[in-house]
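Engineer: Take a look at the letters that make up each chain.
Protein chains: 2
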Amino acid sequence: MQFEITHCDKTSRARTGQLVTSHGMVATPAFMPCASQAVVKACSPHDVADLGIQLLMANAFHLLLQPGPDIIGAAGGLHQFMGWPRPLATDSGGFQVFSLAQPSDISEDGVSILSPLNGSRIDLTAERSIQIQNQLGADIIMAFDECTRYPCEYDYAAGSVERTLDWAQRSQAAHSNEEQALFGIVQGSVYADLRQRSAEETVSIGFDGYAIGGLSVGESRAEMFAALAACVPVLPENKPRHLMGVGTPLDIIQCVQQGVDLFDCVLPTRNARHGSLLTWEGIVKINNAQYREDFGPLSRSCDCPVCARYSRAYLHHLFRLHEAAGWRLLSLHNLRFYAQFMQRLRQAIAAATVPELEAQLSAWTDRDEEKS
Amino acid sequence: MQFEITHCDKTSRARTGQLVTSHGMVATPAFMPCASQAVVKACSPHDVADLGIQLLMANAFHLLLQPGPDIIGAAGGLHQFMGWPRPLATDSGGFQVFSLAQPSDISEDGVSILSPLNGSRIDLTAERSIQIQNQLGADIIMAFDECTRYPCEYDYAAGSVERTLDWAQRSQAAHSNEEQALFGIVQGSVYADLRQRSAEETVSIGFDGYAIGGLSVGESRAEMFAALAACVPVLPENKPRHLMGVGTPLDIIQCVQQGVDLFDCVLPTRNARHGSLLTWEGIVKINNAQYREDFGPLSRSCDCPVCARYSRAYLHHLFRLHEAAGWRLLSLHNLRFYAQFMQRLRQAIAAATVPELEAQLSAWTDRDEEKS
Numbered sequence: 001m002q003f004e005i006t007h008c009d010k011t012s013r014a015r016t017g018q019l020v021t022s023h024g025m026v027a028t029p030a031f032m033p034c035a036s037q038a039v040v041k042a043c044s045p046h047d048v049a050d051l052g053i054q055l056l057m058a059n060a061f062h063l064l065l066q067p068g069p070d071i072i073g074a075a076g077g078l079h080q081f082m083g084w085p086r087p088l089a090t091d092s093g094g095f096q097v098f099s100l101a102q103p104s105d106i107s108e109d110g111v112s113i114l115s116p117l118n119g120s121r122i123d124l125t126a127e128r129s130i131q132i133q134n135q136l137g138a139d140i141i142m143a144f145d146e147c148t149r150y151p152c153e154y155d156y157a158a159g160s161v162e163r164t165l166d167w168a169q170r171s172q173a174a175h176s177n178e179e180q181a182l183f184g185i186v187q188g189s190v191y192a193d194l195r196q197r198s199a200e201e202t203v204s205i206g207f208d209g210y211a212i213g214g215l216s217v218g219e220s221r222a223e224m225f226a227a228l229a230a231c232v233p234v235l236p237e238n239k240p241r242h243l244m245g246v247g248t249p250l251d252i253i254q255c256v257q258q259g260v261d262l263f264d265c266v267l268p269t270r271n272a273r274h275g276s277l278l279t280w281e282g283i284v285k286i287n288n289a290q291y292r293e294d295f296g297p298l299s300r301s302c303d304c305p306v307c308a309r310y311s312r313a314y315l316h317h318l319f320r321l322h323e324a325a326g327w328r329l330l331s332l333h334n335l336r337f338y339a340q341f342m343q344r345l346r347q348a349i350a351a352a353t354v355p356e357l358e359a360q361l362s363a364w365t366d367r368d369e370e371k372s
Numbered sequence: 001m002q003f004e005i006t007h008c009d010k011t012s013r014a015r016t017g018q019l020v021t022s023h024g025m026v027a028t029p030a031f032m033p034c035a036s037q038a039v040v041k042a043c044s045p046h047d048v049a050d051l052g053i054q055l056l057m058a059n060a061f062h063l064l065l066q067p068g069p070d071i072i073g074a075a076g077g078l079h080q081f082m083g084w085p086r087p088l089a090t091d092s093g094g095f096q097v098f099s100l101a102q103p104s105d106i107s108e109d110g111v112s113i114l115s116p117l118n119g120s121r122i123d124l125t126a127e128r129s130i131q132i133q134n135q136l137g138a139d140i141i142m143a144f145d146e147c148t149r150y151p152c153e154y155d156y157a158a159g160s161v162e163r164t165l166d167w168a169q170r171s172q173a174a175h176s177n178e179e180q181a182l183f184g185i186v187q188g189s190v191y192a193d194l195r196q197r198s199a200e201e202t203v204s205i206g207f208d209g210y211a212i213g214g215l216s217v218g219e220s221r222a223e224m225f226a227a228l229a230a231c232v233p234v235l236p237e238n239k240p241r242h243l244m245g246v247g248t249p250l251d252i253i254q255c256v257q258q259g260v261d262l263f264d265c266v267l268p269t270r271n272a273r274h275g276s277l278l279t280w281e282g283i284v285k286i287n288n289a290q291y292r293e294d295f296g297p298l299s300r301s302c303d304c305p306v307c308a309r310y311s312r313a314y315l316h317h318l319f320r321l322h323e324a325a326g327w328r329l330l331s332l333h334n335l336r337f338y339a340q341f342m343q344r345l346r347q348a349i350a351a352a353t354v355p356e357l358e359a360q361l362s363a364w365t366d367r368d369e370e371k372s
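Residue numbers (my numbering), protein chains in the order written: chain A, 1 to 372; chain B, 1 to 372.
Hints are computed from structural coordinates only; laboratory data are not their basis. Careful: at least some of the hints might be erroneous.
[Claimed, not checked] A few chain B residues facing chain A, derived, Cβ under 7 Å: (1) ALA75; (2) LEU100; (3) GLN102; (4) ILE106; (5) PHE295.
The beta carbon of each residue, even a glycine, is placed where N, CA and C say it ideally should be.
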């Protein structure tokens, strides 16, 4: 994987760039929808490709449970298995395994839990996570890390940073597929000194890119931005930076100004399935009775296939029916909104108009509303 | 609506024809997938149009419950509301309302039940059903009928035939939209004399087409064919004949040889959501563990977008996840199979090779399996 910065903003850390992978190019900043189980929920891979989505993020833990990395390996890798020809990333599974683990399940070696699927024991270590991700064959893979919860006591966070650094080294040693870029992950909860140390030591190990984990887990926006400010400047300029699990368009535009290049989040599809749609005119809660007889499109300024063909009244009807067809159409719209938003954000960086785009979003984005 | 017969088989009652409606032409014999609630479950209308499906069947009772005929009328009719530009039929709602009714809910005037949605009282009469269907604006609409259950005592079936004839006259008197073809419905349970009388009297009222209702409700195949044989020859040659709620490909090919032109059924989509897929090589039960590592398409001889892009292993994975994306892909495949099957059936009638097509289907179709 190659990364080239094409433009740097003069008034913030924002930059545009190009990630070149063996499955194609990604213009950054970029947003990756989650396809944790090798599918963007309610949508088919082909649907998503048609929306201008550049890359997807799958998950080693989910795919370890079902269908298993051996099957995906036998299919020729995850791209082949899911019929997605473009770039892919996988997460290490750390976040999921830690969210299921009790403290006693965690050791210096890794995590040992019972499968939520069938109760069998699952031991996940740095070596095993990388081995799985090598089998999956995504273009970008993640070192195995401990994602701490929020709130997290300082001492635990400090110990966790050391554990994550150890696992980062072991992840790098275990990595055996040169076609895949390996990203190290910065942790440290909301503690600036831990974030800084985590970033410095991860950089000294040396990775193809750097992810920032353990944020967007319940902390305040101020805490999130302080944590970012403590670690992003430590990361090398010439490597891509990925902020995990973020977020709303307003989060993204503000984090891009802190120097972040890549994002992944379930929000566009989860919000869609919950009836919350993003448009340039504001948020549409499609379950609202006001849309029963609204025969206009979700958004008159949207170029997605849903706005071209279906009315708010019809989408309201499908949503009220709890129809899978509705979840898909609403998801496609939100995904297209994100793709279009990221494109406008890249253009705004090049044109030095990011504040104007941010002001436009701030005018209608109620972050809590949007996350609800 | 105009109906023209283009070819008559020499060895059976099978014929090909063309229905011309103001929303386009339908080549018969034709199968209509059910879009009871203005959506083919798990699929979007645009998806279905791309598969070569010529017409859909919606339901006046379901649409009375949600979103209501006033809203669909305000949208400009059902075609507009659901974004389906091709021909549409609606059922009268009789089948649904009778399946919910107690004997005491039924009078000579109609049926009065409590809404399963909100408990409000719903009175459905011939006049009201036609009024709703006029508002919906489908190209083909159905007279209000009583669909008897199976088994049904002779005396009840005889009384029901009279009631249905009365309602047929009232339906015709109430019908106010000349752009919509109104079909009368033949009832009479499994009793040949009742079927014959119902057909004769319905024909003497005079309709644009004739539907045969009250079959495929639990009776044996022999009973179904005997009932058909008692009524189809009574129906005028130059009007289309619709067998309601049928069925499997083998059912369809055999009923076409009895002179039926139109079919509607939930089977292709319901079976798909239950993991049962039709291919020209046989039935694929996608949940079966043998497909975990089967990287070929559902069918090598299928031209559907699913077989072009996704493997059995991936579809198995989505099915095991209970993923809405899987229900859709499997439904699209089965719908395309039906569209292709009906096309081959029309060609076979023209080429006098229906028995060969039937033999091909019989070789792998296990009717009970397929319905399960």
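Engineer: Under 7 Å, Cβ to Cβ, is where B:PHE295 needs to be relative to chain A, so tell me if that hint holds or is violated.
Structural biologist: 5 Å, holds
Engineer: Was the hint right that B:ILE106 lines chain A, CB cutoff 7 Å?
Structural biologist: Since the shortest Cβ distance to chain A is 28 Å, the answer is violated.
Engineer: How about B:LEU100: closest beta carbon in chain A under 7 Å, or not?
Structural biologist: Interface hint status for B:LEU100: violated (18 Å vs cutoff 7 Å).
Engineer: Grab the minimum C-beta distance from B:GLN102 to chain A and call the hint holds if it beats 7 Å, violated otherwise.
Structural biologist: Given a least distance of 26 Å, the restraint on B:GLN102 is violated.
Engineer: With a cut-off of 7 Å, does the beta carbon of B:ALA75 approach a beta carbon of chain A closely enough for the hint to hold?
Structural biologist: 5 Å, holds
In the structure shown, a violation is registered for the earlier hints numbered 2, 3 and 4, in ascending order.
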